[in-house]
Amino acid sequence: MMNMRRRPMQSFLTVLQVALAVACMVSVASYRMNVSAAVGRFKSSTEDIVIAMGGTETRERDGYMRTMYEIFDDNDIVELAAETSLVEAVTPYMDSWGVQAEVDGTLYQLSAGAAVGPGYRLAGDLNMTDGDFITAADMEAGARVVVISEVLGRILFGDRPYVGRTLGLLSDMVRAMTAGGQDAGLPISPAEYRVIGVYDTRAGDPAGGWRRRGASIVWPATADPNRIQDASSGWARAIGAYPYGTLMIKAVPGKAAAVRDRVAAMVSSRPSPDASSSGGGVFLGGGAGGSADMDADDDPDAADDSGASAGGGASVIFESSKDVDEMVGSSMTMTMMLLGGATLVAVIVSALGIQSVMLINIAERAREIGLRRVLGASRRSVMCQFAADSAALAAVGGAFGGLLSFLLYPYFMRSVFSRMGPGEILKVSATPAGWAIVAGIVVAAAIGAVFGAMPAAQATKVQPAEIIREL
Amino acid sequence: MRFTDLVSTAVRRCRARPLESILIVLGIALGVAVVAAFAGLIGTVGARNRAFAESLEAREITIRPESGRRSVGFSADVPAVAVTRTDGPPYSLTLNDVERIKSRVSPDVKVYAYNDSFTQMTLQSQASAADGASRLVQVIAATEDIFLAYGAEFREGMGFSGSDVASGNRCIVLGSRLASRLFGDEPALGGKLVWQDEWHTGPTGELELSPAGPVYTVIGVMEPVRSSFLTEMQGGTEDDDPSSPDFSADGGAYVPITSAPGMDGPNPRVDEIHAASLSSRGAAQAIDQIRQVVEAEYQERLRVSSVMDYMKESMKELRSLAAGILVLASAGLVIASINVLNLMLARVLRRTRAIGISAALGAGQRDVFRETLAESLVLGVCGGMLGLPLSFGLAKLMSRITQGTTVSLGLAGVLAGAASCIAASVLFGLYPAYLAARVVPADALRGD
Chain B
1 MMNMRRRPMQ SFLTVLQVAL AVACMVSVAS YRMNVSAAVG RFKSSTEDIV
51 IAMGGTETRE RDGYMRTMYE IFDDNDIVEL AAETSLVEAV TPYMDSWGVQ
101 AEVDGTLYQL SAGAAVGPGY RLAGDLNMTD GDFITAADME AGARVVVISE
151 VLGRILFGDR PYVGRTLGLL SDMVRAMTAG GQDAGLPISP AEYRVIGVYD
201 TRAGDPAGGW RRRGASIVWP ATADPNRIQD ASSGWARAIG AYPYGTLMIK
251 AVPGKAAAVR DRVAAMVSSR PSPDASSSGG GVFLGGGAGG SADMDADDDP
301 DAADDSGASA GGGASVIFES SKDVDEMVGS SMTMTMMLLG GATLVAVIVS
351 ALGIQSVMLI NIAERAREIG LRRVLGASRR SVMCQFAADS AALAAVGGAF
401 GGLLSFLLYP YFMRSVFSRM GPGEILKVSA TPAGWAIVAG IVVAAAIGAV
451 FGAMPAAQAT KVQPAEIIRE L
Chain F
472 MRFTDLVSTA VRRCRARPLE SILIVLGIAL GVAVVAAFAG LIGTVGARNR
522 AFAESLEARE ITIRPESGRR SVGFSADVPA VAVTRTDGPP YSLTLNDVER
572 IKSRVSPDVK VYAYNDSFTQ MTLQSQASAA DGASRLVQVI AATEDIFLAY
622 GAEFREGMGF SGSDVASGNR CIVLGSRLAS RLFGDEPALG GKLVWQDEWH
672 TGPTGELELS PAGPVYTVIG VMEPVRSSFL TEMQGGTEDD DPSSPDFSAD
722 GGAYVPITSA PGMDGPNPRV DEIHAASLSS RGAAQAIDQI RQVVEAEYQE
772 RLRVSSVMDY MKESMKELRS LAAGILVLAS AGLVIASINV LNLMLARVLR
822 RTRAIGISAA LGAGQRDVFR ETLAESLVLG VCGGMLGLPL SFGLAKLMSR
872 ITQGTTVSLG LAGVLAGAAS CIAASVLFGL YPAYLAARVV PADALRGD
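Chain order of the listed sequences is B and F.
In terms of my numbering, the first sequence opens at residue 1 and continues consecutively.
In terms of my numbering, the second sequence opens at residue 472 and continues consecutively.
Hints should not be assumed to be uniformly reliable.
If you want the footprint, here are the derived chain B segments under chain F, 3+ residues with CB under 8 Å [unchecked claim]: (1) 9-16; (2) 121-129; (3) 136-150.
Residues from chain F that face chain B, not an exhaustive set, calculated with beta carbons under 7 Å [to be verified]: (4) GLY498; (5) PRO739; (6) LEU797; (7) LEU799.
Calculated Cβ distances over 10 Å to all of chain B for the following chain F residues [stated by the list, open to error]: (8) SER574; (9) LEU660; (10) LEU832.
These are computed hints drawn from the structure, not numbers from a lab.
What you are looking at is a predicted structure, and each value in this text was computed from that prediction instead of being measured.
Glycine included, every Cβ here is placed at the ideal spot set by N, Cα and C.
Please construct the entire structure, taking both the sequences and the accompanying hints into account.
So, in structure tokens, the structure goes:
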């Protein structure tokens, strides 16, 4: 420390350069660690959720071709719900992007709705802030009720309370069909729905609503505006023997695999429905690109298994969060190689700087080294002294770098990380990771010690006698 | 003191302390290499964007009926709900509207109707090798000005004219790539193509491919449309799958709008009106002009859009991303510069006595200043000379990492590298040089 103060300018500059390098290192490392943490949170929040869709799936060159059909009915839900050792909650779950809501004469396009059952409250992990959720009685009666998110409530109605308000729901799909494919006019009138509950979409939502985006408004699966509109016209989707295409099942922790087996076994004896009767093929682009709009989290293994085992019978496609790893991995690799590479260079340059400063220092203190050697100090102890010196200097730099990273990391987060890789999708923490800071300081100190000791080792090779002669 | 003397003195001084000089030079080299390589990466992406900004697709302006939907609540922190509002039925565009808009814009903005559809086109039996060839084609039913807007030149024949549009002649103009796919090397002119409505409901109630529709005579084949970005993008894929349509201008076919099936009425319905300036330079004015005309004539019933609107947004995003990456990439160089400063300060300090002597012997402050500055400049230039070759290697490595993007340093990278090493060494050499120049001989000689 004394040595540091003797040359304030030199020490300051060294600390500054080390601080810069460490700040970059901590920022990039923090990003890596925070992404891993976000992925972990996302996975742990969804690993017990099983999404089962009736249909088959084939891998195309750059995505999946899915043929979907409806294969589940209310008996399946009762049957699955009874398996309390495997299943915590089960609900029909049909995403809907094409429903419009009319409130006070204004139409809103709702891009995120779902037809669900009472089990969705638990399976979807909803945090109810007002009113009640859809009940079994609502399901039975096909009651025209909806539960909406706080955000949607604010947009549709403005001020609270939202419970008790009414809105008209109208299916875009149905509308398009009646208009002959042209988006012209509104020949049919919306059906009136009553708001019975409000939930908070963002509470306890580690993935920033990735999956829960699909549920900013939910209605009973038996009162789906995509189906109930005027069934006398040919275009309305008739409810067949199996009304539900997709089930969402919240498995007992650790039992997700068993639940998948159970569901696959349940439908395998059923005849494969005519796929073209409901929906037809849906092409899903490659998931690795990481577009937030795509369901990139399908599990090809599970799908292949069930598809193969069906043998003419109905089959099920399962979605799971397994592929999040793959997706995050592929887009992370590039980001980390580019940014990590740049950071590595910064650290190397910083190390070179430490070494040259120590060279200068030692050249100036050659006399002192010689004197100490003559007085009996071992080479080792002299080296240790210099190593400690530069390690201390670098550690101070590292500490400042840790502080600096609190400024740099948010900047990089805004400008770079959020636009490259999975930062776009996952909710990644906005503060640097504590461990990264600790690691930064330790690495800085270690580099300081090594690169400080190297010139000292050089200097102490000289025989003490020679040094004294020069004195 | 001559410049060469300055440099040779500086080099000698650096060589007197080889190890520390090498370390500093290495640091600069690494810093410069990274800055140059990243500048190259950013330059590469930027060049691609500029190429797009000059393309036909970027010039093209789309006017379509306001569907009555306007976004009223879509923001980053509410990804769950994209909410739009509908007010009444949309305006119905017709050929008359094309004339109406056309008559109100300046003649160097071309306005044309644009109904595109994907249609199965079959080559009608002729004693030709390619007989019966059938493929899914993007057919654009348009008015004659589309060829002017595209800057089209014709390999065979010519485009259809205003009178073809007026009379609804069943004539067709082929993009260069479509022509060679349908006709191979044989002349296309005069060939007959059958427009099949892709699907229709057959007698059994099943959907089936229509057997035949109107027959079109080829009257022209375009040369490749030069400024089309899509052509470039799709040009690489030479796999000729007849069921996957080519979206580019060269893969499409063009017919008079009045000749398309169902369009034979006196005032046919138009899906979209397109407009394009003749050159990319006039693109910004063209869109302003179109916006004004549409605002004055149609108020809110029509919506004017251009890819450039989105491009501007994404360019802004990209700039901020580039700035962030450059900040991170330049960290190494900044650190190297600080090290130059540190080193030069130490050297000046060490040489105080020598400087004092030379000052006492008559060396001016200017000379001392220049001498010291030259030394840091030599360090910087050496670093740059070492770093630039290194950056070419880095750029290769980056191309491999980013996959698909071929990062070339380009002028931007080389200039950024050279400028940054010189700027860094000069900037950070100034203060030590200033200190050296201020040495008072008496003090320097008295001390130590």
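Hint-by-hint comparison with the structure:
For the stretch 9-16 of chain B, the stated coverage by chain F holds: 5 residues have a C-beta nearer than 8 Å to a C-beta of that chain, and at least 3 were required. Only residues whose beta carbon comes within less than 8 Å of a beta carbon in chain F count, and the stretch 121-129 of chain B has 0; fewer than three means the coverage is violated. A count of 1 residues in the stretch 136-150 of chain B with a Cβ less than 8 Å from any Cβ of chain F is obtained; the coverage claim is therefore unmet, three being the minimum. For GLY498/F, the suggested interface contact is upheld, since its CB lies about 4 Å from the closest CB of chain B, less than 7 Å.
Among the interface hints, the one on PRO739/F is violated; its C-beta lies about 15 Å from the nearest C-beta in chain B, farther than the 7 Å criterion. Nearest Cβ of chain B to the Cβ of LEU797/F: about 10 Å, over the 7 Å cut. The hint is violated. For LEU799/F, the shortest C-beta to C-beta distance to chain B is roughly 5 Å, which falls under 7 Å, so the interface hint holds. A cut-off of 10 Å between C-beta atoms confirms that SER574/F is not in contact with chain B; the least separation is 27 Å.
Consistency note on LEU660/F: stated as away from chain B, and its beta-carbon is indeed over 10 Å from all of that chain's, at 36 Å minimum. Non-interface call for LEU832/F relative to chain B: holds, since the shortest CB-CB distance, roughly 25 Å, exceeds 10 Å.
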